[in-house]
Structure formats: C-alpha cells, structure tokens
Amino acid sequence: MKFESQKVAMPYFIAAIGLFVGQILFGLIIGLQYVVGDFLFPEIPFNVARMVHTNLLIVWLLFGFMGAAYYLVPEETETELHSPKLAILMFWVFLVAGALTILGYLLVPYAGLAQMTGNELLPTMGREFLEQPTITKIGIVIVALAFLFNIGMTVLKGRKTVVSLVLFIGLVGLAVFFLFSFYNPDNLVKDKFYWWWVVHLWVEGVWELIMGSILAFVLIKTTGVDREIIEKWLYIIIAMTLITGIVGTGHHYYWIGTPEYWQWWGSIFSALEPIPFFMMTVFAFNMVNKRRRNHPNQAAVLWALGTAVMAFLGAGVWGFMHTLAPVNYYTHGTQITAAHGHMAFYGAYVMIVLAMISYSMPLMRGRKAANSNKSQVMEMWSFWLMTISMVFITLFLTGAGILQTWLQRFTETPQPFMVVQDQVSLFYWMREIAGVFFLIGLVVYIASFFVGGEEATESKARSSV
Amino acid sequence: MADTFTKDMARNIFYGGSLFFFLLFLALSYDTNSALPERDNRQNLTETVAKGKLLWEENNCIGCHTLLGEGAYYAPELGNAYKRLGGKDGIIGFIKSRPVEGIPGRRSMPQFNFTDEELDAIAEFLKYSSGINTANWPPNIQG
Amino acid sequence: MNEKRYPPGDLAIWIFILAELLVFAIFFASYAFTRASHVELFNIHQLQLDTDIALVNTLALITSSYFVVRAVKAISVGKRSECVKWLLGAIFMGLIFLVVKSVEYAHHYSNGINLRTNLFYMFYFSLTFFHYMHVIMGVVILSVVTYKGYSGGYSAAEHTGIETGASYWHMVDLVWLILFPLVYVMR
Numbered sequence: 001m002k003f004e005s006q007k008v009a010m011p012y013f014i015a016a017i018g019l020f021v022g023q024i025l026f027g028l029i030i031g032l033q034y035v036v037g038d039f040l041f042p043e044i045p046f047n048v049a050r051m052v053h054t055n056l057l058i059v060w061l062l063f064g065f066m067g068a069a070y071y072l073v074p075e076e077t078e079t080e081l082h083s084p085k086l087a088i089l090m091f092w093v094f095l096v097a098g099a100l101t102i103l104g105y106l107l108v109p110y111a112g113l114a115q116m117t118g119n120e121l122l123p124t125m126g127r128e129f130l131e132q133p134t135i136t137k138i139g140i141v142i143v144a145l146a147f148l149f150n151i152g153m154t155v156l157k158g159r160k161t162v163v164s165l166v167l168f169i170g171l172v173g174l175a176v177f178f179l180f181s182f183y184n185p186d187n188l189v190k191d192k193f194y195w196w197w198v199v200h201l202w203v204e205g206v207w208e209l210i211m212g213s214i215l216a217f218v219l220i221k222t223t224g225v226d227r228e229i230i231e232k233w234l235y236i237i238i239a240m241t242l243i244t245g246i247v248g249t250g251h252h253y254y255w256i257g258t259p260e261y262w263q264w265w266g267s268i269f270s271a272l273e274p275i276p277f278f279m280m281t282v283f284a285f286n287m288v289n290k291r292r293r294n295h296p297n298q299a300a301v302l303w304a305l306g307t308a309v310m311a312f313l314g315a316g317v318w319g320f321m322h323t324l325a326p327v328n329y330y331t332h333g334t335q336i337t338a339a340h341g342h343m344a345f346y347g348a349y350v351m352i353v354l355a356m357i358s359y360s361m362p363l364m365r366g367r368k369a370a371n372s373n374k375s376q377v378m379e380m381w382s383f384w385l386m387t388i389s390m391v392f393i394t395l396f397l398t399g400a401g402i403l404q405t406w407l408q409r410f411t412e413t414p415q416p417f418m419v420v421q422d423q424v425s426l427f428y429w430m431r432e433i434a435g436v437f438f439l440i441g442l443v444v445y446i447a448s449f450f451v452g453g454e455e456a457t458e459s460k461a462r463s464s465v
Numbered sequence: 001m002a003d004t005f006t007k008d009m010a011r012n013i014f015y016g017g018s019l020f021f022f023l024l025f026l027a028l029s030y031d032t033n034s035a036l037p038e039r040d041n042r043q044n045l046t047e048t049v050a051k052g053k054l055l056w057e058e059n060n061c062i063g064c065h066t067l068l069g070e071g072a073y074y075a076p077e078l079g080n081a082y083k084r085l086g087g088k089d090g091i092i093g094f095i096k097s098r099p100v101e102g103i104p105g106r107r108s109m110p111q112f113n114f115t116d117e118e119l120d121a122i123a124e125f126l127k128y129s130s131g132i133n134t135a136n137w138p139p140n141i142q143g
Numbered sequence: 001m002n003e004k005r006y007p008p009g010d011l012a013i014w015i016f017i018l019a020e021l022l023v024f025a026i027f028f029a030s031y032a033f034t035r036a037s038h039v040e041l042f043n044i045h046q047l048q049l050d051t052d053i054a055l056v057n058t059l060a061l062i063t064s065s066y067f068v069v070r071a072v073k074a075i076s077v078g079k080r081s082e083c084v085k086w087l088l089g090a091i092f093m094g095l096i097f098l099v100v101k102s103v104e105y106a107h108h109y110s111n112g113i114n115l116r117t118n119l120f121y122m123f124y125f126s127l128t129f130f131h132y133m134h135v136i137m138g139v140v141i142l143s144v145v146t147y148k149g150y151s152g153g154y155s156a157a158e159h160t161g162i163e164t165g166a167s168y169w170h171m172v173d174l175v176w177l178i179l180f181p182l183v184y185v186m187r
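Residue numbers (my numbering), protein chains in the order written: chain A, 1 to 465; chain B, 1 to 143; chain C, 1 to 187.
One or more hints might be untrue.
[To be verified] Pair by pair, the computed Cβ-Cβ distance ranges are:
(1) D8(B) <-> I62(C): 29 to 37 Å
(2) D50(C) <-> R291(A): 53 to 61 Å
(3) R292(A) <-> P181(C): 47 to 55 Å
(4) W92(A) <-> Y147(C): 45 to 53 Å
(5) W406(A) <-> D8(B): 46 to 54 Å
(6) L23(B) <-> K290(A): 34 to 42 Å
[Claimed, not checked] Covered stretches of chain C, as calculated for chain B (at least 3 residues, CB under 8 Å):
(7) 104-118
(8) 122-135
Note that these hints are calculated values from the structure, not bench results.
Only a predicted model underlies this, so the values are computations on that prediction, with no experimental measurement involved.
Note that the Cβ used here is the ideal one computed from N, Cα and C, for glycine as well.
Please take these sequences and the hints and turn them into a complete structure.
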C-alpha cells in the first residue's frame, strides 16, 4: 500500500461484506417464502423481505465500488486522497442512512414509511430497486456528490491514467443516471421508459466501465503485464459495452407500450451485448497467461478470472438466451429473468468487488503482497462454494422458468400463475438448498479473513490456473 | 505491436462510438416520445388513475406482482387483471377479501384495509394499465 | 515505421469496422427475412421511394470514395497539399449525400411517413438513418484527418491516421452499395 489514505477503503469493504451477509440471509427468507408461502407472514411479507434483499445488494455493491475507488485512485494518480476525513464522514452518513432505511422497511408498513417520509411531496417510492424514501434518495445523491468530488479532486491533482479516468467516468455516469430515479410521471409508460435509464444504463452501461477498470487494475498489479497493453484493451472493451448497451436498452422496450420498432433495434443491439463480456474473459485469461510474475496473491487472480467468466455466462449467455423479442414474448417476467439476474449480478459485480477486496485487504492489513497460503486456500474454497452454488441457483431457476414459460405462456391451454408456481415448486426447493450452500461459502469467505500464518511469497505461491 | 493498434485509436473509438450511439438512442427516444400519445392510453389517465398509481407505489404492489411483465415474480401479472378478474368489481372484491393472517401454507397477500375510494382508484389504475398498447403482450389471459 | 502492412490503418478501427459490418449484416438479414413474409407490403411501398434521388446519393458516395483513394495515394508519395485537396473533395461529396438524404427525409415527414408507418418504412428509416449517422461520423473523421494533414501531421512514412479514416469511409460506402439495391431496387 503506497499511500496512507488508501486505508479509508477498509471500512467501506467491511461494511460491504456485512451488508452482503444481510442480503443473503434475506435471500434465504424469500427463497423459503416461495415454497412456504406464509413464512413470516404478515410480520415480514414477501415484498418487504425482497426489497431488503435487493436494496442491500445495491448498497453493498456501492460501498464496494467506493472502497475500490478510494483504494485504487491514490495509487493510480500517485497522490494521497484529497480528503480522507470526508471519505470517512460519508462512510458513516451512507451507512447510517442505509441502516435506517432498511429498518424503516422492516419495522413500519411501507405505506406508513411513505407517509412518514413525506413521499407525497415528491413521490419516488414504490418502484423496483428504487423503493427508498425520497429523502434517502436525496441522501444518496449527496453522498455520491461528495464521493465524486473527493475522487475527482484527487485525479485532477495527480497522474491521469486510463484506469482512473475510466473508473471516474463510470462513477459519474452512475450518479447522473441515478437522477432519473427522481422522475416518476403518472404516465405508466413514461415511468417505465425512464426507469430503465437508471437500471439498464447502470448495470448494462456505466457499471461495466467500473467493473472493467477495477479488473484492469487488479490485472496490472497481479500479472505485471505492461500497462499500455491492458489500458488499450480496456478502451476497446468499454467501447463495445456502450456501443452495444446504449441502444441495447431497447430490449426493455418490447412490451411496455413503446413502439414495435424497439423489438428490432433492441434485439439486434442487445444480442451483441455479450461481446464486451467475451472480450473481458479473453482479456483476463490472456493477461494472466502472458504474466511476468507469479504474484503471491493467487486468490485475487482466481477472483479476477472468475468474475470475467461468470459475468460472461450470467450476463452474456443467460442474457442472450432471452433477449430476442420472439423469445422474450414468452419469457418476459418469468423465472428466466430471475435466473439471468442472479448470475449476472453475482458474476459481474459481486465478484469484481470481492476480487478487489481480495487484492487490497492484505495490503491494507500490513502484508507485503498477500495472505498466508492457508488463508488463501480457505478463500479459494469460498470462491468455489459461492460460485458453484450460484451456478446451481441459476440452473434451477432456469428449469423453473422453462417449465413456467411452457405451462403459462406457450401451451394452447395456459394455466393460471399460482397453479404453475405449485408445479415448479421442486425447483424452488432445490434453489433454496443451493442458497444455503452459498451462505456456507460466504461464511467460509469471512472466516478466511481470520486465518493467519506466514505470508505467501512469490516462489512458494500456489498457482490457481 | 505498437504500430498496428494504438491506445489513442482505442480511446477515440470509445469516445466517438459512445457519443454516436448515445445520439442515436436520443433520436429513437425522441421518436418514441412522439409515438406515445397513440399508445399509452393517456386519454384515460384521470386524477383517479393517478391516485391509484400512487397507492400502487406506496403499498409496493410491484414487490410481489409484475406490471407489464416488470416487478417481482411471486404473484400474478396485473397488467391484464382488469380482463382476467372480470372488471373493477372483480379486482376490488379480490383485494378486499384477503385474510389478515394470510392463507395457511400458501403465498399470501396482505390485507391493506383500503377505503372504498382507494379501492376504486387502484381498480381504475389497473383498468388504465390494461388499455395500454403493449404489442399484444401478454400472450394470453393468464399473464 | 509503417511498411506495407495489412490491413491499412490502425487495427483498432478494423475491430470497430467488423463490429459495424456485423450489425449492418444482421439488419440486412432481418430485412430480407421479414420481406419474405410481407412481399406485397414491401413491394408497394418500395415504389413510393425516389430511386433517382438515391442514385444521386450513390454517385456522391462512390465519387467521394474515389477521392479518398486519391488522397491516400497522394500522401503516400508525400504530396501533402494534394492529399488535403482530395480529402476536402471527399468531404464535400459526403455533405452532398447528407443534404440530399435530409431533403428526402423532410419529404417523407411532410407526407406523414415515419419510422412507425408500417413494417417496410420501419426498416427503410432504420437502415437509412443508421447509415446516415455513419456518414456524419465519417465526415467528422475525415475532417479531423484533413485538419491534421493540413497542419503537417502526416508524411509519406507515417500516415496511419489517413488510412484509418479512409478505411472507415470505404466501409460507409460499401454499406450504402448494399443498402441501395436491397431497399430501393430489388423486388
């Protein structure tokens, strides 16, 4: 760790992991509610547990992105962070606001929370992933602005590298597109049209810039490959991301009241959206193959390679499976969507944050380069447990989705929604079991932080590829 | 290697390509906006419907249901509920009749204790939603 | 150093060109596929298109590509100002294309015909507008390259930028040469 101020990333990462645990616990709750319908009803109805699950995911990933930025920007720009104090202050503001919001979801009926927080003054509550009270959303904007200011000033002060520039563009994009969450017209079609300017342009747009730049950083550090080569490929990858992803937004405009030409524009461009993820996979493996050193932190290398592969599978392949309009007509709003969503988020965004934590935590805790072999082995176990569990979760949901699509949408004699849900319940039970294994993997992951021992060195390093 | 493929060219393609497609997307969005009046059933977007939408949001119906295929996948699609449940009466009757303690062992919908005025607004909102031109989606009445 | 290297210009632009050609190919294939199930509709509305004006556009683009070829030839023997003149000519031809196409679009719109009129026009507008935007981009790229050439940024030994811009422009021309017969002519 070259600059003292990089250490502010540590609380961000710790909070991220803590919230991740919360997210999974609630995931298990809603997974169980799928098959034991009155579990925790009416104290914690499904919709409440779900919004806790999804909001925790988004918030912990944001903590992860901010921690990643606080760690890598000083190192890239070769200067101390503009204001470590501001970073720590914002950390607490975000954490407390986030915790209060989650408590609000759990302790107060949602309509009551809406009234308490003055939603009627500027109604922004009640949309998927954007359930936060308007005041929380304003808080998020303030935290984001302070964060961007801090990072921006640091970049201005120091050396401008492609990695830090691309990360910064991604983060600015994240903040700008979040502003659309404040636009909630009475017109349902317009509501949905602009909702996707937040969600799609986030996860299939600017978030990919964030992921790409963090991946590039980790690869530069762990492989020793020339920065020029890595940064060149980063530009090509993010170019393909936006070239396919911006018009690719159209794959959300097939059936929500917008004109039919989106079925063509959206299908064609979103079909190409796997390309940047494919490139990231080739890129990651190529750089590792061309490496000039065997970095002692093989766990971090494993996460880096893993995120590229899982992102390609989850976002690229599973996304492609249901992106063409003629297919989507039948699968829209089914478990196919849930299957894709889970693997895509895990592969692209969960894993890149974990890769960054894996790389930087040992350094922030005083190691020269990596944790002990024992710790890394445990961490790698957690990688496989969580990743394989997620693959099974996705496979089971895909099975449920295919059967659901057939029974409820495609067949000549379609069956009612609840009847179909009963018929796919075996898949849901299996998914829940896979979810339990995922949690076990997460517990092993956390345990690995407490395993000590002599630091792994370059020569003794266990190669994971 | 350096001559065949420069970082500067990659950078230019990124900025140029992104701007190009952003402009194209804006052009298509502009056209979509002009097309909406004939598709989005706005002629039926009354005060009551707007109130119904607010109730829909403040009670987080999307947390269990889908609307035009978007939302949670725990409970049925409601974009065509107006047709499937037999009009406003069917919708209102269903919401009114949800047991407070749920149905043992089954996925349960809360009892929201809506007033008659609120129930009417929600039903109006769902009626309005069912009139949007969604390119013939969903494929059938089951949603 | 820039020996006879294929493909000409920066390799990055070729990745981009291939991606672009892929998208256009998919669009063309979609057009052909859709037309097969709507032959009547496509034939009727195709007759409403102005083939004369499209011919003017075709000639403009072919000429501009020829000018670009001459420009590359000129710089390859160090004739900087001649190169710039040819590039300006190419840009001028590109602008003619844009003006003519804009007039054509204005004509359609004043008759109430747009992207949503029917399936044929959806393809017509999508294909031609997507191409139109590429012509704009091509003109921008050629302008940048022309300016750099004018300020002495290229030589016989090093003119990758001009070859890069030229490759992109030829792609734009090639796409039109497929689009024009496909949409305006073939029945």
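Query raised in the report: Can you name, in rising order, the numbers of the hints this structure does not satisfy?
Result: none
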